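Visitor: These are the residues of each chain, in order.
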Amino acid sequence: MSILLSSNAQWVLISTMLLGIAAGLIGTLSYWKKQSLMSDALAHACLPGIVIAFFILGEKNLPVLLIGAAISGLIGALCIQWIRAFTRIKDDTAMGMILSVFFGLGIMLLTIANRMPGGNQSGLGGFIFGQAAAMVKQDVYTMSILALVVIAAVILPFKEWKLFLFDPDFAQGLGLPIKALNGLYTVLVVMAVVVGIQAVGVILIAAMLIIPAVSARYWTHSFKWMMVLSALFGGAAGAVGTIISALGEGWPTGPFIIVTVSAMFLFSLLFGLEKGLLVQYIQHRRQKRAVSPDPVPPDWGISTKVREG
Amino acid sequence: MVVLSVNDLSASYRKNVVLHDVSFQIESGTLTGIVGPNGAGKSTLLKSILGLHPILSGSVSFFGSSLEKVKKRIGYVPQRGSVDWDFPTNALDVVTMGLYGQIGWLKWPTRLHRKKAMEALEKMGMADYAQRQISQLSGGQQQRVFLARALVQEADLYFMDEPLAGVDAATERAIMSTLQELKAKGKTVMVVHHDLQTVQDYFDHVLLLNRTVIAHGKTDEVFTAEAIAKTYGGTLKLAKEGTGYVHIIKQ
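Keeping their order, the protein sequence lines are chains A and B.
Using my numbering, read the first sequence as starting at 735 and increasing by one per residue.
Using my numbering, read the second sequence as starting at -1 and increasing by one per residue.
So here's chain B without its partners, still in its complex pose (with noise of 0.2 Å):
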């Protein structure tokens, strides 16, 4: 099944085009890595779908309907660097947030709400840290916070912006195992990448992205050194080992 669908997408970011004739489907229970170099549009793409950054033309539908009738179904992790971390308020208080669409407009959360919220944080291993103010947070420990803010909204669809992006090795597995329980649980996610040597290992499809749709597919058939190549232009050396895993040396 479709739960999302993207078509003819274009975007401008100031003066200039960032994304232009992107289009492609994602298939439900899919797991996919968006993939590119820096001022792809990866980001851009994300916002674009989710109606944060205007678009210039095309459309998005999600599970073969508008974004406003099914945006309880879909849950959004921004970039950790988005938001301002000196902000006074604690972990269970950002999670809780994840919460606000079900609370309901202008009513205040109640137990229920904080023990779900507690739930989530236990999960990504942050129980302990639930009264902790969000500036004495390591960066690692933040985004658990983001992650968990998504859990919560018990959404179908995730797109995911940078999750693993300066996190430390701990905070990378405990996403990646959440992300593929929310996979086994039959629920897409997408996810802003940038590492190109575990690309193979987290995603079971993957999008390569620069300013349009380079390629996409599953990652062992889409995911090879040419792709890779006209993706990120000249600015990587490609070498191929007798693994069959690329490696990739930055210029």
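For reference, chain A alone in the conformation it holds in the complex (with noise of 0.2 Å):
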């Protein structure tokens, strides 16, 4: 517990929960666009510029290290779009191809970054599944810095990107730049990969993109409280999930950030007030007795079909 007391371990927990409240936003925008899946993609596709931004520097920088992760994730991305466009494959096997090629590409270069001399130290492979506790400082400004950009970016133009998503054809007859929304659209997932990377890691991240909205969407019929309940689930995920794994050594963030935004999916799920199982539970057995009133029907031997709504 001592390492949550330190300065540095509450500047990693905050640059978590931004992490969180970025994903949430971004999440919800991938949920209407119903790319979800695209997120996934993306941050796999990230493996190999991490490692290879590490070939050309020589060591460990996280700016660069990220840098080299926004380029080969946005690679992924436009190979997706090439492919969806000029080939007669499909969206998500498109994404499933990318995936796994670039992620298997990673792997293999972080095989040999790890043999080289030095390179064992790098900690490189903490970006598999994330090592919040690694970082240092200037690590975290970055971080928080880089999630403040994409959270603005999805407040600011809030009404912009809800007739994006809802419309987008009237949305461009309005002259609305819907190309420009595209490319600025696939740039945030990418950032918002790139600011989970360390904290939760290549492949969790994409939990991080998709549970939040989702379980959001169990609470409400605004976009705009789908977007705060998204972002808060988010950000309290990232906050709770850092303070599990602070209290053992070395134990990775990743995993318990996504283990604690799976239990808020569930309860989500169970307990939701629009659509979940109890409330559909309870209105189905209402709707029920509102059809038979009599609580056990008298058998007059004729057999009755109670209708199932």
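In case anyone wonders, no lab produced these hints; they're calculated from the structure.
Some clues are possibly wrong.
Label-pair distances were calculated between CB atoms; the ranges are [what the hints assert, rightly or not]:
no.: 1; chain 1: B; residue 1: 163; chain 2: A; residue 2: 827; range: 26 to 34 Å
no.: 2; chain 1: B; residue 1: 63; chain 2: A; residue 2: 959; range: 38 to 46 Å
no.: 3; chain 1: B; residue 1: 183; chain 2: A; residue 2: 1026; range: 49 to 57 Å
no.: 4; chain 1: B; residue 1: 163; chain 2: A; residue 2: 921; range: 52 to 60 Å
no.: 5; chain 1: B; residue 1: 196; chain 2: A; residue 2: 883; range: 52 to 60 Å
no.: 6; chain 1: B; residue 1: 23; chain 2: A; residue 2: 883; range: 32 to 40 Å
no.: 7; chain 1: A; residue 1: 1026; chain 2: B; residue 2: 112; range: 19 to 27 Å
no.: 8; chain 1: B; residue 1: 26; chain 2: A; residue 2: 917; range: 20 to 28 Å
no.: 9; chain 1: B; residue 1: 163; chain 2: A; residue 2: 956; range: 27 to 35 Å
no.: 10; chain 1: A; residue 1: 831; chain 2: B; residue 2: 133; range: 28 to 36 Å
no.: 11; chain 1: B; residue 1: 52; chain 2: A; residue 2: 838; range: 33 to 41 Å
no.: 12; chain 1: B; residue 1: 109; chain 2: A; residue 2: 821; range: 46 to 54 Å
no.: 13; chain 1: B; residue 1: 163; chain 2: A; residue 2: 859; range: 44 to 52 Å
Bear in mind that the values here come from a model prediction, so they are computed numbers and not experimental data.
Here a beta-carbon is modelled for each residue, glycine too, at the ideal position from N, C-alpha and C.
Both chains come to you apart, so use the hints to assemble them.
Guide: The structure is reproduced here in structure tokens:
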């Protein structure tokens, strides 16, 4: 527990919280763009860039590694778009291909890097599952600023994002630059992934971009509140997961954050006010009772069928 | 005055050319029905005109100018099925979207904008549903919301993609009286329409389309049995009754 008391740990906590908020907001965009899987593909596609940046630099310098990650993530996104536009391969297949090919390449390069002199101590492996405790103050600043940029880029043009997601054709008719927004969206997803890479890792960051938004959907019928709740869920999961992982020496942060956010999802799924399973069950029971007022219908020897609604 | 001029427009969808050599001019203050069989390229025509679908060749001009310069004077009602009605928002909010151009980018709608949107909903008989989730509206109500959203744009030239498809009779009447009102105000409206029976009652002009313009002009002059047969090919049988109305029997 003592690790939480150090000022560095507090900064790490703030940065994972900001990461959660940013990921929650971007996740809501992805949810309504129906591209939740895209974030997973982009995250995996970041890994080779990190290792290549390490090769070029010869040391672990976080901003440079993140730039490498962003570049290879964007290349992955371009590949997916290219496959979608110029071949007969469908979206999900294209994403699956890019995800596994880039990740495989990343792991291969990582193995080579670890065999290099000094490579083993580089801690590059931490990018796979996340290692928030390994972050130094400078890293925390970098992540936090990136996260704040992402948050601002979602909140400021809020009504534009809403229109873009709901009705892009109409939006274009009004003069909204749809192509630019599509590009900005991809850049923001990559940025959110990059922010989370050190704390959560390339494999699990996708969960932070998917689960908070899905959980929020169970509580509200308003796009604005879905954003707010998704950001809250993400931020809370980031903070709680980081605290738990700080309890043990060398515990990876990513998995704990994901377990926390998954617990929130389970709770939302069961008890959510909008189509949560419990509410649905109660409504169904009530409707059933309204249709057949007698709790036990008398048996007159006629087989009656209760209509399921 | 010519408000829309389409010259030799062609467009493809996937690998097929769906529109070729489409040329026509629309006069201001007209209400035109675009009619043709499935796959004739009616929706693609609207989208190509509005720059939502890439064109292969040809040109389009609005009010003698380019689309970019007069975007604010053009209103568009997409097909109802083109959006996800599960999107978490209410009817009033969707109508307010029609004002986003006037509100300005990055700015938030004010009470005045909400009032304007509310008035448009009232006009479409939807005032009681303003706060209703759009997922809980019937098909007809959803279409009215779309119409209201176009009305708040206060455009001079409207394009509507099948606004009467799958709506109830009351909604059809409400929409048609709104269109007549727009026309009375001197606005120009182009409507993709699928019901041949009502063309003569609803539209003063008709554009018969099957990958290219088969006929275009005043309804009572161009909407003839021969022209319809030519547009629909062998898929329809026509029977003419004493009233002069064209009755169509689908095979």
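Visitor: Hint by hint, note whether the structure agrees.
Guide: Hints, one by one, checked against the model:
no., hint, in the structure
1, 163/B with 827/A: 26 to 34 Å, "holds (33 Å)"
2, 63/B with 959/A: 38 to 46 Å, "holds (42 Å)"
3, 183/B with 1026/A: 49 to 57 Å, "holds (55 Å)"
4, 163/B with 921/A: 52 to 60 Å, "violated (38 Å)"
5, 196/B with 883/A: 52 to 60 Å, "holds (54 Å)"
6, 23/B with 883/A: 32 to 40 Å, "violated (49 Å)"
7, 1026/A with 112/B: 19 to 27 Å, "violated (44 Å)"
8, 26/B with 917/A: 20 to 28 Å, "violated (37 Å)"
9, 163/B with 956/A: 27 to 35 Å, "holds (29 Å)"
10, 831/A with 133/B: 28 to 36 Å, "holds (34 Å)"
11, 52/B with 838/A: 33 to 41 Å, "holds (36 Å)"
12, 109/B with 821/A: 46 to 54 Å, "holds (51 Å)"
13, 163/B with 859/A: 44 to 52 Å, "violated (57 Å)"
When held up to the earlier numbered hints, the structure conflicts with 4, 6, 7, 8 and 13 and fits the remainder.
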